[in-house]
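**Q** In case you want the letters, here they are:
2 protein chains.
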Amino acid sequence: MTKGKKWVLEKHFQGMPKRSDMKIVEFDIPPIKDGSVLLEAVYLSLDPYMRPYTATMPEGITMIGEQIARVIESKNTEFPLGTNVLTHAGWVSHSVSDGKNLTKIPPYPKGVPLSLALGTLGMPGMTANYGLVDICAPKVGEVVVVSGAAGAVGNAVGQIAKFKGCKVIGFAGSEEKVTWLKELGFDEAFNYKTIKDLDATLKSVAPNGIDCYFDNVGGEFSNTVLNNMARLGRVACCGAISVYNDTKPLMLPAIHGTLISKEITMTGFRVVSYRDRYPEWIQRNIQWINEGKLKYKEHVTKGFDNMFDAFMGLFSGANTGKAVVEV
Amino acid sequence: MTKGKKWVLEKHFQGMPKRSDMKIVEFDIPPIKDGSVLLEAVYLSLDPYMRPYTATMPEGITMIGEQIARVIESKNTEFPLGTNVLTHAGWVSHSVSDGKNLTKIPPYPKGVPLSLALGTLGMPGMTANYGLVDICAPKVGEVVVVSGAAGAVGNAVGQIAKFKGCKVIGFAGSEEKVTWLKELGFDEAFNYKTIKDLDATLKSVAPNGIDCYFDNVGGEFSNTVLNNMARLGRVACCGAISVYNDTKPLMLPAIHGTLISKEITMTGFRVVSYRDRYPEWIQRNIQWINEGKLKYKEHVTKGFDNMFDAFMGLFSGANTGKAVVEV
Chain A
1 MTKGKKWVLE KHFQGMPKRS DMKIVEFDIP PIKDGSVLLE AVYLSLDPYM
51 RPYTATMPEG ITMIGEQIAR VIESKNTEFP LGTNVLTHAG WVSHSVSDGK
101 NLTKIPPYPK GVPLSLALGT LGMPGMTANY GLVDICAPKV GEVVVVSGAA
151 GAVGNAVGQI AKFKGCKVIG FAGSEEKVTW LKELGFDEAF NYKTIKDLDA
201 TLKSVAPNGI DCYFDNVGGE FSNTVLNNMA RLGRVACCGA ISVYNDTKPL
251 MLPAIHGTLI SKEITMTGFR VVSYRDRYPE WIQRNIQWIN EGKLKYKEHV
301 TKGFDNMFDA FMGLFSGANT GKAVVEV
Chain B
1 MTKGKKWVLE KHFQGMPKRS DMKIVEFDIP PIKDGSVLLE AVYLSLDPYM
51 RPYTATMPEG ITMIGEQIAR VIESKNTEFP LGTNVLTHAG WVSHSVSDGK
101 NLTKIPPYPK GVPLSLALGT LGMPGMTANY GLVDICAPKV GEVVVVSGAA
151 GAVGNAVGQI AKFKGCKVIG FAGSEEKVTW LKELGFDEAF NYKTIKDLDA
201 TLKSVAPNGI DCYFDNVGGE FSNTVLNNMA RLGRVACCGA ISVYNDTKPL
251 MLPAIHGTLI SKEITMTGFR VVSYRDRYPE WIQRNIQWIN EGKLKYKEHV
301 TKGFDNMFDA FMGLFSGANT GKAVVEV
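Just so you know, the sequences run in chain order A and B.
Counting from 1, position 261 in the first sequence corresponds to residue 261 in the UniProt record's numbering; the numbering is continuous, with no gaps.
Counting from 1, position 127 in the second sequence corresponds to residue 127 in the UniProt record's numbering; the numbering is continuous, with no gaps.
Hints may contain errors.
Said to hold, decoys possible - Below, in silico cross-link-like pairs of lysine-lysine (DSS-like), each with a Cα-Cα straight-line distance of 30 Å or less:
#  : chain 1 : residue 1 : chain 2 : residue 2
1  : B       : Lys203    : B       : Lys193
2  : A       : Lys104    : B       : Lys262
3  : A       : Lys248    : B       : Lys5
4  : B       : Lys262    : A       : Lys248
5  : B       : Lys33     : B       : Lys100
6  : A       : Lys203    : B       : Lys33
7  : B       : Lys302    : B       : Lys23
8  : B       : Lys100    : A       : Lys193
9  : B       : Lys33     : A       : Lys262
10 : B       : Lys5      : B       : Lys193
11 : A       : Lys33     : A       : Lys23
12 : A       : Lys196    : B       : Lys193
The hints are simulated quantities; they were obtained by calculation from the structure and are not laboratory data.
The whole structure should be built from the sequences, with the hints applied where relevant.
**A** What follows is the structure, given as structure tokens:
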């Protein structure tokens, strides 16, 4: 009997996650029943949401997350041996499923890697579509600001906004990331860590105000962007990575007055509420990739035992593009 | 030659407006030219927006505001003697207009007072329609919270939400106001000044969360409501009267995380951006008044010289319903 491995959340994270908050546990892989399949992880996803979502979950759980897995034993005709699936099994090397919560990954066009099912063709890509196209609904010539722009979601947002005819301004956390954003066609890209005066910078690159803000970071940064919105601006609140590790609530100037005087709409969203639209968005993203309009980058860490280090890369800014672990 | 009177904003308000920030100035009413009319104020409106909007206007201006005026001299065939109009002439007893920015007030059904053109059949009534029906879009059985519920906008919001089949919870600033809200059919009404624990109160009257929040007050109160929203809740940000007189920005816990986790939409709006829809909303409100579904209350102060005192009533909570001055 082979052993499986899983990452257990021993203690709730306090502030920045610590290695000692988690442990790797070995377990016996059970024999599968009729109707079930045994899955082996191929790529595991690392996403910022894992930090806030686990805060209200019990200690001792297997760390949450999505993965691309392969069927290595099957007693379910729907999922024959070798089928690639998406599963929310968490940070585990092996899992058993009755197939109900598995999503088959369709064959991708030549040259498109399987791992994109966790990135541009997965949840982050869906998030970019819903948040930008549905919530922000940018019009040709409008100004779009993206924070966390070199992340899995942000880079897709910026590229889509750009080929939809917008002026796109991205913020990321290193010179390398800024260079990449410019390669992707962003009109302006800045390193938020070294920028002297965010307010002045926004006023200079968006003198008539920002029409759409795709917000991956929250916090004070986002309040400064909000103060530079144009009338009838739209904000897609996607993530707040800048505050996920705070141990007490960040205090910021009240925004009600700004929302009213500028007639701004802020919409918080979780793309999983729109699963029924994933097939449409996946097709659209595949088409954009084929047309060369939508590029992607992955930050691949090798080895299941390195999950925690890869996770920390989300907060330290070590990752460019989509962070995955290859088993 | 008759003299006119106007209220001049001598100094920007700092904190709570002071009588010495304003002065009454007499002026000569000029003879009118061909195509013009001379207007005499009949009812002048007092609205919270006057406080924040003047902050960015130059000192020395005539105080801003809308009024119902009557044509007392006419050289414009479109506006014969005796015509009742709405004008944004400000806090003035007499004004001259070429007719371009005047809105004729149509005859109302019997029993409906002319002054409602500044209240339920005017800007506040339009605000209630747009903010509640368009932004909040409450469904039958949903929970709607209204702050500033005994004000010109809030009472209409609550009544409309009620006859649209919602559970309506109102907050106002005195026992008399609470009693009136209950008479109007609010399911729950509270005096926010004496309530012990807003958070606990909201949890007890809306155990499954608040679907719609019509926000007239902003500030900490509104953040507590936000924390009690249901998934996919909608917030119409209409006013922030609780902070209009603050001299420094109120600091509040950042809300990005709440917006995301609960998938909330917050929309700031100014109803004047939707003027083309006023005729539709006025007809609808008249119909609701005729059907007895939409009641109204006015707080009438007599005398042009009492404008300032009536204005202060907005902030002290002295007014119930729509505040107007009758000349």
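**Q** Which numbered hints turn out to be false for this structure?
**A** Violated: hints 3, 6, 8, 9, 10 and 12.
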